[in-house]
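Those sequence lines, one after another, are chains A and B.
For the first sequence, numbering that gives the first Met the number 0 begins at 0 and goes up steadily by one.
For the second sequence, numbering that gives the first Met the number 0 begins at 0 and goes up steadily by one.
Read the hints as simulated data drawn from the structure, not as lab findings.
Heads up, none of these hints are tricks.
No copy labels: a pair is met if it fits in one copy or bridges any two.
Derived DSS-like pairs (lysine-lysine); straight-line CA-CA distance at most 27 Å: (1) Lys105 x Lys127; (2) Lys212 x Lys342; (3) Lys56 x Lys105.
Remember, predicted model here, so these are calculated numbers, not experimental data.
2 protein chains.
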Amino acid sequence: MLAETLARIGPLDRVAMAAAQSRLDTLTKPRGSLGRLEALAVQLAGISRRPLPSVEKRAAYVFVADHGVTAEGVSAYPSEVTGQMLANFLAGGAAINVLARQARAKLVVVDVGVSAEMPEHPQLLSRKVARGTRNFVYTPAMTREHAVAAIEAGIASFEPCQLAAVGEMGIGNTTSAAAIVAAAIGAPACDVTGRGTGIDDAIFARKIAVIDKALALHRADPSDSLSLLSAVGGFEIGAMAGAMLAAAAARVPVVIDGFISTAAAIVASRLCADVVPYLIASHVSTEPGHRPALAHLGLRPLLDLDLRLGEGTGAVLSFGLIDAACRLIHEMATFDEARVAEKLR
Amino acid sequence: MLAETLARIGPLDRVAMAAAQSRLDTLTKPRGSLGRLEALAVQLAGISRRPLPSVEKRAAYVFVADHGVTAEGVSAYPSEVTGQMLANFLAGGAAINVLARQARAKLVVVDVGVSAEMPEHPQLLSRKVARGTRNFVYTPAMTREHAVAAIEAGIASFEPCQLAAVGEMGIGNTTSAAAIVAAAIGAPACDVTGRGTGIDDAIFARKIAVIDKALALHRADPSDSLSLLSAVGGFEIGAMAGAMLAAAAARVPVVIDGFISTAAAIVASRLCADVVPYLIASHVSTEPGHRPALAHLGLRPLLDLDLRLGEGTGAVLSFGLIDAACRLIHEMATFDEARVAEKLR
Numbered sequence: 000m001l002a003e004t005l006a007r008i009g010p011l012d013r014v015a016m017a018a019a020q021s022r023l024d025t026l027t028k029p030r031g032s033l034g035r036l037e038a039l040a041v042q043l044a045g046i047s048r049r050p051l052p053s054v055e056k057r058a059a060y061v062f063v064a065d066h067g068v069t070a071e072g073v074s075a076y077p078s079e080v081t082g083q084m085l086a087n088f089l090a091g092g093a094a095i096n097v098l099a100r101q102a103r104a105k106l107v108v109v110d111v112g113v114s115a116e117m118p119e120h121p122q123l124l125s126r127k128v129a130r131g132t133r134n135f136v137y138t139p140a141m142t143r144e145h146a147v148a149a150i151e152a153g154i155a156s157f158e159p160c161q162l163a164a165v166g167e168m169g170i171g172n173t174t175s176a177a178a179i180v181a182a183a184i185g186a187p188a189c190d191v192t193g194r195g196t197g198i199d200d201a202i203f204a205r206k207i208a209v210i211d212k213a214l215a216l217h218r219a220d221p222s223d224s225l226s227l228l229s230a231v232g233g234f235e236i237g238a239m240a241g242a243m244l245a246a247a248a249a250r251v252p253v254v255i256d257g258f259i260s261t262a263a264a265i266v267a268s269r270l271c272a273d274v275v276p277y278l279i280a281s282h283v284s285t286e287p288g289h290r291p292a293l294a295h296l297g298l299r300p301l302l303d304l305d306l307r308l309g310e311g312t313g314a315v316l317s318f319g320l321i322d323a324a325c326r327l328i329h330e331m332a333t334f335d336e337a338r339v340a341e342k343l344r
Numbered sequence: 000m001l002a003e004t005l006a007r008i009g010p011l012d013r014v015a016m017a018a019a020q021s022r023l024d025t026l027t028k029p030r031g032s033l034g035r036l037e038a039l040a041v042q043l044a045g046i047s048r049r050p051l052p053s054v055e056k057r058a059a060y061v062f063v064a065d066h067g068v069t070a071e072g073v074s075a076y077p078s079e080v081t082g083q084m085l086a087n088f089l090a091g092g093a094a095i096n097v098l099a100r101q102a103r104a105k106l107v108v109v110d111v112g113v114s115a116e117m118p119e120h121p122q123l124l125s126r127k128v129a130r131g132t133r134n135f136v137y138t139p140a141m142t143r144e145h146a147v148a149a150i151e152a153g154i155a156s157f158e159p160c161q162l163a164a165v166g167e168m169g170i171g172n173t174t175s176a177a178a179i180v181a182a183a184i185g186a187p188a189c190d191v192t193g194r195g196t197g198i199d200d201a202i203f204a205r206k207i208a209v210i211d212k213a214l215a216l217h218r219a220d221p222s223d224s225l226s227l228l229s230a231v232g233g234f235e236i237g238a239m240a241g242a243m244l245a246a247a248a249a250r251v252p253v254v255i256d257g258f259i260s261t262a263a264a265i266v267a268s269r270l271c272a273d274v275v276p277y278l279i280a281s282h283v284s285t286e287p288g289h290r291p292a293l294a295h296l297g298l299r300p301l302l303d304l305d306l307r308l309g310e311g312t313g314a315v316l317s318f319g320l321i322d323a324a325c326r327l328i329h330e331m332a333t334f335d336e337a338r339v340a341e342k343l344r
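Please put together the full structure from these sequences, using the hints given.
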């Protein structure tokens, strides 16, 4: 399934992009004056192969899993919160529920590795790879087979839509994401590790030491996503990477969220570099590793609002801007239609 | 009318702000993890005096006027475009129309000084102070009486609502705004002058020279808004300042747009410093004077999208973020309600 998905990812459609840019240049505004909204409209045209792209059908995916490395005491919250928050997503009370309702996005909650048994629920996709990863300070987080299974869980979760957001929940997952990013971009752990949900100085020092120790132990090949994921990954990180690949294969723009989602984008990009033009970076968080991780992918975030919640909240928050880009290219009048004089020679 | 409006502007409600912050701290997310959205919710609570603020009733004001200084050849577009774009606003084809529809904001178009005669239209407020300003390179742009009349036109245009955006259209108005900002913050014209709708190097050099010449001629008192407005202002800049003051007097949050709107905010703040906490800076544009002007007011923009269109487009684009802040504090579940464990000791 993974190989078949990778094979379907192609380049953006340059003809549709040029047509979108031509139309933007005829609309009643100085050329280029809508800035990044114009670039977004052109990107969406290239992805969808439509000069007038549409993003009406929207979905937000939240992949949820537990992390064995929490045994090292790297988080401010107990592991039980992962399953409790999953229940909160299903009850509609979390931040992502509020923002998905506002953005008219269907919320898809996927259990890819919560430790606790989750009750059946019509809104929950159950694609558990295992009951949490192993503690990667001592042993690889998962087998290579489980890394593939996590990615394929993300691919299988993806449904046809016109705009997708990818987010996560998993106590301990900033530790896993920081380890992946440190290894992938060749940065020391202290440069890309942050305070996650809000840890104190003692836990912060321990978190960095844990990552350093794990990276020294596993010596994963940073060019090999499966090696990285197996060593220090999380099931939800693999699944997010899979969902991104599935979106690109279906020619759907996929909005990434915070630091953990961006770590997953790096994993996806090393499975297939062609996925990157399908990604939209929604925001840059307060996690110190987020900015270098985005820069590594060549992505510039749309928002900078000091968010650090995850769940896909930043991604869905940016849907309004993406929607605006689409509406402008569809609905604005041209200079001719409005009988407005063009620029002086 | 101006004095009466200024007298009604009071400080934010600290009790409502503290209540909003307390509620945010009980919601199912790490404290502070919604970043600037939390600060927005608290600000809205302080403005409206309601711990659970609402922004359902929204309006976007576009003030339109012409500028005598266009005779110096400082713009890429002919003056006629001001009236033509006003007609485009009334026909629904401009960028602000599209974005106001998306944001469910009522669009209020106000002629405060277009040179051409505008036909009557149910959506057009006619509050023309004069047919364009005079060319401020040779003579003050307007009399002190007209400066007051422009501000009062903005005050009179304001209607009760829960969230207001203030924007403008007027060929030549980046020249006026740059002159105001240069004088107000004590910066040389070359530091705060940009390429507006997209002028070439020759026009750009002329634009800076025009501003330098005007500032040397008028020597306006930068602490006196009426002196600044009369010397180098525009009717729409005065009207925007008036609308901001009226919003603050009515305890309504008012979202400022680009460089010209921010110049108006400086004018308003020098009539009444207490207006500033009622302002929300929507975005920072590519005009080089915008960032220092915002910093001068102590405002941090929500968006940085290389916009340079005006009309209130950036302001209305940010409504989705402000809406999100309101929805989150209203709709999210608390830790108790969702039975989610709180942070470890």
